[in-house]
Structure formats: structure tokens, C-alpha cells
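S.K.: Fit chain L to the given chain A structure using the hints.
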Amino acid sequence: MFSMDLLLGAVLLGVLLGCFYAAVSVGLSVSFGLLDVPHVAHPAFLVLASYGVYQLNESYDIDPLLAGLAITPLFFLFGLVAYRIYYETFERRGSDAGVRGIAFFFGIAFIIEVLIILQFGVDQRSVSATYIGKSWRFGEFRIPIRQLVAFAVALTLTALLAVYLSKTFMGRAIRAVAQDEEALRLMGANPVRIKQFAFGIATAVLGVAGALLIIVAPVEPTLDRAYIGRTFCVVVMAGLGSISGTLIAAIILGVAESIVLTMFGASWAPAISFAMLLAVLAVRPQGLLGR
Amino acid sequence: MKKTRHSIAFWAGVAVFLIAVLAMTQTVRNEYPFFAGYVILQFIALAVAWSILGGYAGYVNFGTNAFFGVGVYTAVALFKATGAPLVAQIAAAAVVGMALGFGVGLLTLRMRGIFFSIATIALAIIIETVVMNWRFVGGAAGIQLQRPPVMAPFDSYVKMLFFVQAVLAVTAVAIARYIQNSKIGRGLQALRDDELAAECTGVPTLKLKLVACMISGGLISAAGAPAAMYLQYADPSSAFNLSYSVSALAMALIGGTAHWIGPVLGAILLGSTQQLLAVTISSEVNVLVLGIMLVLFVVGAPKGIIGLLRPRYRLRAGGKP
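Going down the list, the sequences are from chains A and L.
At position 190 of the first sequence the residue is numbered 190 (the working numbering), and the sequence of numbers has no breaks.
At position 142 of the second sequence the residue is numbered 433 (the working numbering), and the sequence of numbers has no breaks.
Since no wrong hints were added, every one of them can be taken at face value.
These stretches of chain L come out as covered by chain A in the derived footprint (C-beta under 8 Å, 3 or more residues):
1) 390 to 404
2) 409 to 418
3) 539 to 545
4) 582 to 592
If the Cβ cut is set under 10 Å, some of the chain L residues that face chain A in the computed set are:
5) Gly346
6) Gly349
7) Tyr350
8) Val351
9) Met423
10) Arg483
11) Ser534
12) Thr548
13) Val576
14) Val578
FYI, nobody ran anything at the bench for these hints, they're computed from the structure.
On a predicted model such as this, the values are computed, not experimentally measured, just so you know.
The beta-carbon is built from N, C-alpha and C at its ideal position, and this holds for glycine as well.
Isolated chain A (complex conformation) (with noise of 0.2 Å):
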């Protein structure tokens, strides 16, 4: 039963499937650890998006990485309109918002995740794609070349959006109206203008997100819901807003699945992020990398 080569395959695509983790949470570690937003509709936009990159697919057969690159200007526009909606509607008035905020974005998910099973069925569904299906021998290991792409895109998707933070001049008016907003509103600054840009990246990523989410495997309308456990306990473990934070956490949360799924077997899998979600909320909220 128990076998070091076994872990050790376990250990390596759970490396693997955390980066891709890394992919699909980076976009809440902006919009929920950097701005604040009670974001629990962003695994319903990433599964958005991968309806999305299916529909390109499969009526004009362009590759599913494409798909997602071209679907990112409108999921940046959509990321505006949804904040914009946000701001006007909760932050500006304040009081109470932290309720109505989160019942508005648990409403807003359910609402998506109705309208693609009216339009797309409850049936699962896959991409095309010359990489998809293939594998390549490593040792005494299969390991499929669709988590590869997944991997290479998952780990220059990050890599991106932390230069991106740290090194441009936008990147760091946004950790900057999250670290102070008052200060920045001193400086002449509109921090709403910085946070709704902020907020339209993290969406835009998801669209690439979404495509890798596709690729990685089948994807079905009400398939959020495990990313909810996903996303958030990734974002809370790295330390809200931290991208470096993000990669650890998702590596961590990767390997942890891959091991028990492969030494429990796949139906315990749904419950592990969610376990360490509390577990990481009990012993340590401020996270690995907190701020």
C-alpha cells in the first residue's frame, strides 16, 4: 500500500497542481487581501471564464489558452462594472455593509452558476487541444502534459502579477491604497480609481485562469463551490495580499490534496481544503506571510 515512490509521485503533481492553485486564487488575493473586497463570487467568475474558453473552442476550435488571453479585456471590463456596483452600492455608504456586501456577492455567484446550467446543461465539459490527452514518461512517472501547460502558464501567470505589484507604478499605487487609503487620498490620489483598476485586473486574470481550469480537467457548473475552499484557504494561508504567500500556500495545499487523495482515496479530496481553511483560521488568521 504504502510506498516511498508513490509519495513521491503524489508529492511531485501535487507541486504541480499547486501552482495551478496559485493561478486560479492570485486574482483573490488582490481583490479579497489586498482591497478588502468580500470576494466569494470570484470562484464563480473563474468558472465563468472556463465556460467562456469552452464556448471559443468549441465553435471556432481556437486553442483554449488563446480563448482565455482573448477574454481577458472583457473580463477586465466586467471587473470595473462589478466593483464600480460594489463601491457605489456598500463601501460608499458604509454602515452594514459588511453583511449585504457578502450576501451581494453569494447572490451574484449563485446567479451565474444558474445561468450557465439554463445555458450549458449540468454536463460536464472538456476542451480540445493537441496537448490534452498526451502524457510524457518521467522515470517511473506519467505525468500528463496538460498539467505541465497548466504548471509553465500557472507559474508565469503568478510570477507576472507579483512583478507586475511590486515593480510598475500602478502596481504599487494598489499595494499602496491597501496598505493606507487615507494617505493616498492626501497625496492627491482617488484610491477608488486605483482599487476599481485593481479589481478589473483580478478579474482579467481569471480569464486565463479559467482556461487553465478547463485544461487541468472537466469542468461543471456547480464546480465553485470546492473553489471557494480552495481559493480562500490558499489566500488566508499566504497572508492576505501576499503573491509569494500565494505560491507557498498552493503549493502547500496541492501537495496536501495529492497525498490523500492518493492514500484515502478521492472521496475525502473535497474536504481538505476546507479542513485546512479552519485549521489555518484557528491556529494562525494573519496567515504564513501575513502583513
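M.R.: Quick look at chain L alone, frame taken from chain A:
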């Protein structure tokens, strides 16, 4: 004086309602009204129980389905192990629900509201996974249940369940009403408006939140306990269905959470609409309507139906006792 008069009116209303329900079970032959009515009463209990924490204290519980499912499976496990009567099943479910509320509250109620919300989603998934792997209660495939013979004044089990759920709904309302008018309710409202200020003026915020979370959880689990006997069947994916969470939250927020009547109105209105829609159109559209109504109300009418009907509650919610 005025308060006692209100109390007399309330308890008279309760008595009239329960007598009417009992009379209905004795006179109406057709079972369908009881089937449909049970669901609406269950939603009243869930929405009112949800608003004890979500409305008064402002902590959004996404895990109504966790507490509900725990209620269902406590009843199932107890029934299968000992054949205990319905009342014992409900009591056990309430106790387990309270313990669960205490546990999750202790873990997360110290933190900002969003962490509690996410933790409650987590709770639902974890418990559902555990139940799926628990052979004794049927695992993922579910379990068939044989209803015991019905008791004296009732001639069918569904009618009895209808009456029992009416009692549970009334209990939830009475407890919510008591909390709203008591020191606990005022403390909860204070901490909802400004937790730091409440803490500084000596409101024992964590203790109050824990009490609210326990009561809310216990009531939700109790309302879920008869569901197994109602369906004569239980399986994890329907007992822990997320739609219970959305319904409870939406009904409470749409009705308005400043007063206990809000969730009751919301549950009656949405519950009966749902019953109609479920018969006439598909269940997906049904859920879609619920989601859209929730978003519209949260954006456009923050105080819910009671806020629209009586602007006075806007003032009350603003802080005046």
C-alpha cells in the same frame, strides 16, 4: 404596560395559529396542503433562526445547510440506532446543532465577519464529506427510512409532521422575539453597528455572539430533524444542499432583519412563490428567481420588505431601542 399588552397579543396569536393548524390537520382530507405547508413552515423556522445571528449580530452564516444536514443526520442516526421517537430526534438535533454552533463560533467569531462566513461554508463541506464516508447512515447513497405508526390525534404522518414543524417555527419566532427585546438583542445590535465601540462600553461581544450562534444553530438543526421522516429518505447531497443556505439568507434579508416579522414575511412570500414555481416551471428558474431577488433587495432595499412597508424600522435599526 405597553410591553405586556404586546406580549399578550403575541401569545394569543401563537395560540390561535397553533389551534388553527391543529384544526386543519383534523378536518382537511387532501394531503398536498400539508406537504407544501410543511416546506413553508420549515423555511420560516430556518429564516428566523438564521436572522438571530445574521440579522441581529450581522454575522453572515453560509452554513445553514451544515446545521440543517446535521439535524437530519442526528435524527437518522438516532432513529436507526435506538428507534427513538420524533420528539427525541428533534431534541437531540437541537443539542448537536448548538454544540456545533459553539464550536464554529469559538473558532471564528473573534475575526471579521467574512472569515466566519467562509468558515461556515467550510463546515458544510467537511461534515458532508464525513457523512458521505459514514456507512452506518448509508454513506453517499443515502438511506431509506420506515416511518413508525402515527400518534393519536393525527390520521397521517405528514399531518403530524406539519404540526410539529409549526411548533418548531413558532418556537423559533418566540425565541427570536425574546432575544430582540432583551438585553442580548440590544447587545447584538450594538456590536453589529460598531463592534469596537460596543466592546469598549462593556458589551461582552464574544459571549453574545457565541450565544446567538448556538441558539441559531440549534434552531436550524431542530428544523432539519423531521426532514428525514418527511421524505422517508436521507442522502448527503440533498440534506446538505446549498439551496437551504441561499434560501434562509435570502428570505431573511428580503423580508428584513430589523424585526422578527421580516424573516417570517420573507419566508412566507418566497416559500409560497417557490412552491408555485417548482410546480409550474423548472427548479433552476426557481433558484434563479431567488438569487436575483436577493441581489435586487440587497442593492435596492437594504432594510427588506419591512423597511419598504414601514420606514419606522429604519430608525429602529439605526440604534434606538
